[in-house]
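Asker: Chain by chain, the residues run as shown.
Protein chains: 2
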Amino acid sequence: MLKTRFTELLGIQHPVVQGGMQWVGRAELASAVSNAGGLGIITGLTQPTPEALVKEIERCRQMTNKPFGVNLTILPSLRPIPHEEYAKAIIGSGIKIVETAGSNPAKFIPMFTDAGVKVLHKCTSVRHALTAERHGAAVISIDGYECAGHPGEDDVTNQVLIPACVDKVKIPVIASGGFADGRGLAMALAMGAEGINMGTRFMATKEAPIHDNVKNKIAEAGERDTALIFRTLRNTSRVFKNKIAEEVVRIEREKGVNTKIEDLAHLVSGERGRKVYEEGDIDLGIWSAGMVVGLIHDVPTCQELVSRIVAEAEAIIRGRLAKMVA
Amino acid sequence: MLKTRFTELLGIQHPVVQGGMQWVGRAELASAVSNAGGLGIITGLTQPTPEALVKEIERCRQMTNKPFGVNLTILPSLRPIPHEEYAKAIIGSGIKIVETAGSNPAKFIPMFTDAGVKVLHKCTSVRHALTAERHGAAVISIDGYECAGHPGEDDVTNQVLIPACVDKVKIPVIASGGFADGRGLAMALAMGAEGINMGTRFMATKEAPIHDNVKNKIAEAGERDTALIFRTLRNTSRVFKNKIAEEVVRIEREKGVNTKIEDLAHLVSGERGRKVYEEGDIDLGIWSAGMVVGLIHDVPTCQELVSRIVAEAEAIIRGRLAKMVA
Numbered sequence: 001m002l003k004t005r006f007t008e009l010l011g012i013q014h015p016v017v018q019g020g021m022q023w024v025g026r027a028e029l030a031s032a033v034s035n036a037g038g039l040g041i042i043t044g045l046t047q048p049t050p051e052a053l054v055k056e057i058e059r060c061r062q063m064t065n066k067p068f069g070v071n072l073t074i075l076p077s078l079r080p081i082p083h084e085e086y087a088k089a090i091i092g093s094g095i096k097i098v099e100t101a102g103s104n105p106a107k108f109i110p111m112f113t114d115a116g117v118k119v120l121h122k123c124t125s126v127r128h129a130l131t132a133e134r135h136g137a138a139v140i141s142i143d144g145y146e147c148a149g150h151p152g153e154d155d156v157t158n159q160v161l162i163p164a165c166v167d168k169v170k171i172p173v174i175a176s177g178g179f180a181d182g183r184g185l186a187m188a189l190a191m192g193a194e195g196i197n198m199g200t201r202f203m204a205t206k207e208a209p210i211h212d213n214v215k216n217k218i219a220e221a222g223e224r225d226t227a228l229i230f231r232t233l234r235n236t237s238r239v240f241k242n243k244i245a246e247e248v249v250r251i252e253r254e255k256g257v258n259t260k261i262e263d264l265a266h267l268v269s270g271e272r273g274r275k276v277y278e279e280g281d282i283d284l285g286i287w288s289a290g291m292v293v294g295l296i297h298d299v300p301t302c303q304e305l306v307s308r309i310v311a312e313a314e315a316i317i318r319g320r321l322a323k324m325v326a
Numbered sequence: 327m328l329k330t331r332f333t334e335l336l337g338i339q340h341p342v343v344q345g346g347m348q349w350v351g352r353a354e355l356a357s358a359v360s361n362a363g364g365l366g367i368i369t370g371l372t373q374p375t376p377e378a379l380v381k382e383i384e385r386c387r388q389m390t391n392k393p394f395g396v397n398l399t400i401l402p403s404l405r406p407i408p409h410e411e412y413a414k415a416i417i418g419s420g421i422k423i424v425e426t427a428g429s430n431p432a433k434f435i436p437m438f439t440d441a442g443v444k445v446l447h448k449c450t451s452v453r454h455a456l457t458a459e460r461h462g463a464a465v466i467s468i469d470g471y472e473c474a475g476h477p478g479e480d481d482v483t484n485q486v487l488i489p490a491c492v493d494k495v496k497i498p499v500i501a502s503g504g505f506a507d508g509r510g511l512a513m514a515l516a517m518g519a520e521g522i523n524m525g526t527r528f529m530a531t532k533e534a535p536i537h538d539n540v541k542n543k544i545a546e547a548g549e550r551d552t553a554l555i556f557r558t559l560r561n562t563s564r565v566f567k568n569k570i571a572e573e574v575v576r577i578e579r580e581k582g583v584n585t586k587i588e589d590l591a592h593l594v595s596g597e598r599g600r601k602v603y604e605e606g607d608i609d610l611g612i613w614s615a616g617m618v619v620g621l622i623h624d625v626p627t628c629q630e631l632v633s634r635i636v637a638e639a640e641a642i643i644r645g646r647l648a649k650m651v652a
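As they're listed, the protein sequences go chains A and B.
Our numbering applies: residue 1 is where the first sequence begins, and numbers increase by one.
Our numbering applies: residue 327 is where the second sequence begins, and numbers increase by one.
Keep in mind that the hints were calculated from the coordinates and are not lab data.
Cβ coordinates follow ideal geometry from the N, Cα and C atoms, glycine included.
Each hint should be verified, as a subset may be incorrect.
Pairs of lysine-lysine residues, derived as DSSO-like cross-links and limited to a Cα-Cα distance of at most 30 Å, are as follows [stated by the list, open to error]: (1) A/K255 - B/K586; (2) B/K649 - A/K3; (3) A/K206 - B/K532; (4) A/K241 - B/K581; (5) B/K532 - A/K168; (6) B/K329 - A/K3; (7) A/K243 - B/K569; (8) B/K581 - A/K260; (9) A/K170 - B/K649; (10) A/K255 - B/K581; (11) A/K168 - B/K569; (12) A/K215 - B/K494; (13) A/K241 - B/K494; (14) B/K444 - A/K323; (15) A/K118 - A/K55; (16) B/K496 - A/K215; (17) A/K323 - B/K329; (18) B/K541 - A/K323; (19) A/K168 - B/K649; (20) B/K649 - A/K66; (21) B/K422 - A/K243; (22) B/K649 - A/K323; (23) B/K567 - A/K255; (24) A/K206 - A/K107; (25) A/K260 - B/K329; (26) A/K323 - B/K494; (27) B/K569 - A/K323; (28) B/K541 - A/K170; (29) A/K260 - B/K567; (30) A/K255 - B/K601; (31) A/K118 - B/K649; (32) A/K168 - B/K567; (33) A/K260 - B/K586; (34) B/K649 - A/K96; (35) A/K323 - B/K392.
Looking from chain A toward chain B, a few residues come up when the C-beta cut is under 8 Å (computed) [as the list claims (entries may be wrong)]: (36) T157; (37) P163; (38) E223; (39) L267.
Work out the full structure: start from the sequences and follow the hints.
Answerer: Structure below.
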């Protein structure tokens, strides 16, 4: 047992969250993580409509009695997304924990908190954490350079970002990006965080609703197997370094600041990314993966994984570290 | 007291090393760190000749009775440097601890180990750590993306790099880059390292032989105040984001893969960097600083600093972490 301000606040057993992941955060995974004593999170926008999300939440409730949350990510997108309708659907469903991410916390955090929903706001900088705290977030999920998906443009790593953040905000902070094992959990707690958020590690679990090829690829990969793309567009994203990602990197290196989204659009459609997860062709499209692929070597169940991480962190604290100060 | 495989191996009190730093690692700083119970290190190539280095070592001996080391960095350079003569001078001086860095450990590590000198090899990747271990290094100093100076081209952060490294090498590993306080020390120990190496943090100490303006600038800076330059030349360096660094970044963004050293040479001479430290004009030249400037807020003595870091790490282990598992 590892008790922190975060586990107390949310009434969960272990300080381990499965963060929102496009195409991955469905009821199967969220319920498995919550059943394991962590906090599972359904990714709102993976569902095509607010109505479909309501059904997905209902499906998750049939698989677990434990608390779980819903993620709502607000990012600029080509097709217009009715974020507000999704937010209303989440509130209407009786969900009590929401993970927000992306821009506009000023608008969405109060919508949720006014409805009695606790908001975990995920962000990649101290200044955004302070903004989210001011608007009523209950928890900051601070997301380092290591993370899959959008690390922002500051490139501050968790080793520096976690302490910088906990020094400034008063609400509990959990750490996100780069976590896969009990060493990471112990690290986060030592630096002042109250828990960890994991994405990529949960992709490589039995219950993750994605093709086995993807899970096995993550388990085989090394710490140098991710790449940052869209840096030239100031919309940086960390993805698995497959053939398409390498081609995007090549084009961006060549065109530099003159790169246009049109130069890359044929390579990076969201539809192709979704197909990687469905069909298991690793090189078919761009897919997000964190630097922590280098520390992932197996495909356990969520129960096995969460138990192992917590047990390892406890052993480090009670054993290795205690012995060093004895 | 924090006892680790590293402190035992080297016979030092605290698992805190002051790594080699060009123009900074002189006898004043190295002796102060060693007197504080850490391991001070003189930067070999800051001395203009091997003979001058021998004198600097002698000067350091007059300031401390504790163990200290010498750094020898082997990097490509425009002016030819007689690395082998420096190595012989170090051995001849009776120094028993050397920090090597850069290329060619295959040649220099055996030279030192054959003479009974323990080698801490600093490197930025697991594969280079394995090479150094094979050639007889006693300790690996693994250096993450956060570090000042040369982080390599892999961009793997300490959160991932430390565990990836300790999983592969058998000799003790200390962690370098991004460290400034007891939270960092506790983090490194939790992840499997046996100590930490700090550079930038020691620049902002009373004893560091550099201008007060530089120390104060480090203490004021935030976590976004460093920049990576020379990425286009595949010779990446993390430096303080002053006006000159911003101009280099601008040129590299514009020219991309077509950037040539000639495009930047007028901005980045080593002589100008040295003058920053001597004269205190922050914007005069390029100077190295790690991302951890964002966690440095004062200019203590080395004694105050090392004691505080160790006490804070102990308090985290005995207090915060122990309470979480109670």
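Asker: Given the hint that B/K649 pairs with A/K3, does the C-alpha gap stay at or below 30 Å?
Answerer: With Cα atoms ~8 Å apart, B/K649 and A/K3 stay inside 30 Å; holds.
Asker: Do the alpha carbons of A/K215 and B/K494 lie within 30 Å of each other, as the hint requires?
Answerer: holds (23 Å)
Asker: Are A/K323 and B/K329 close enough, with their CA atoms no more than 30 Å apart?
Answerer: holds (8 Å)
Asker: Between the alpha carbons of B/K541 and A/K323, is the straight-line distance 30 Å or under?
Answerer: Violated: B/K541 and A/K323 sit about 36 Å apart, past 30 Å.
Asker: With a cut-off of 30 Å on the C-alpha distance, tell me whether B/K541 and A/K170 pass.
Answerer: holds (29 Å)
Asker: Does B/K532 sit within 30 Å of A/K206, going by the straight-line distance between their CA atoms?
Answerer: Not OK: A/K206 and B/K532 at ~55 Å, beyond 30 Å, violated.
Asker: Per the CB criterion, is A/E223 less than 8 Å away from chain B?
Answerer: holds (5 Å)
Asker: Tell me if the straight-line CA distance from A/K255 to B/K601 falls inside 30 Å.
Answerer: The hint is violated at about 36 Å.
Asker: For the pair we were handed, A/K206 and A/K107, check the Cα-Cα distance against 30 Å.
Answerer: Violated. A/K206 to A/K107 sits at ~37 Å, over the 30 Å cutoff.
Asker: Run the distance test for B/K581 versus A/K260: straight-line Cα separation, threshold 30 Å.
Answerer: Judged against 30 Å, a Cα distance of about 16 Å means the pair holds.
Asker: For the pair supplied as a hint, A/K241 and B/K581, confirm whether the alpha-carbon distance does not exceed 30 Å.
Answerer: With Cα atoms ~24 Å apart, A/K241 and B/K581 stay inside 30 Å; holds.
Asker: Check whether the Cα positions of B/K569 and A/K323 lie no farther apart than 30 Å.
Answerer: Measuring from Cα to Cα gives roughly 47 Å; hence the hint is violated.
Hints 3, 7, 18, 21, 24, 25, 27, 30, 39, counting from the list given before, are not met by this structure.
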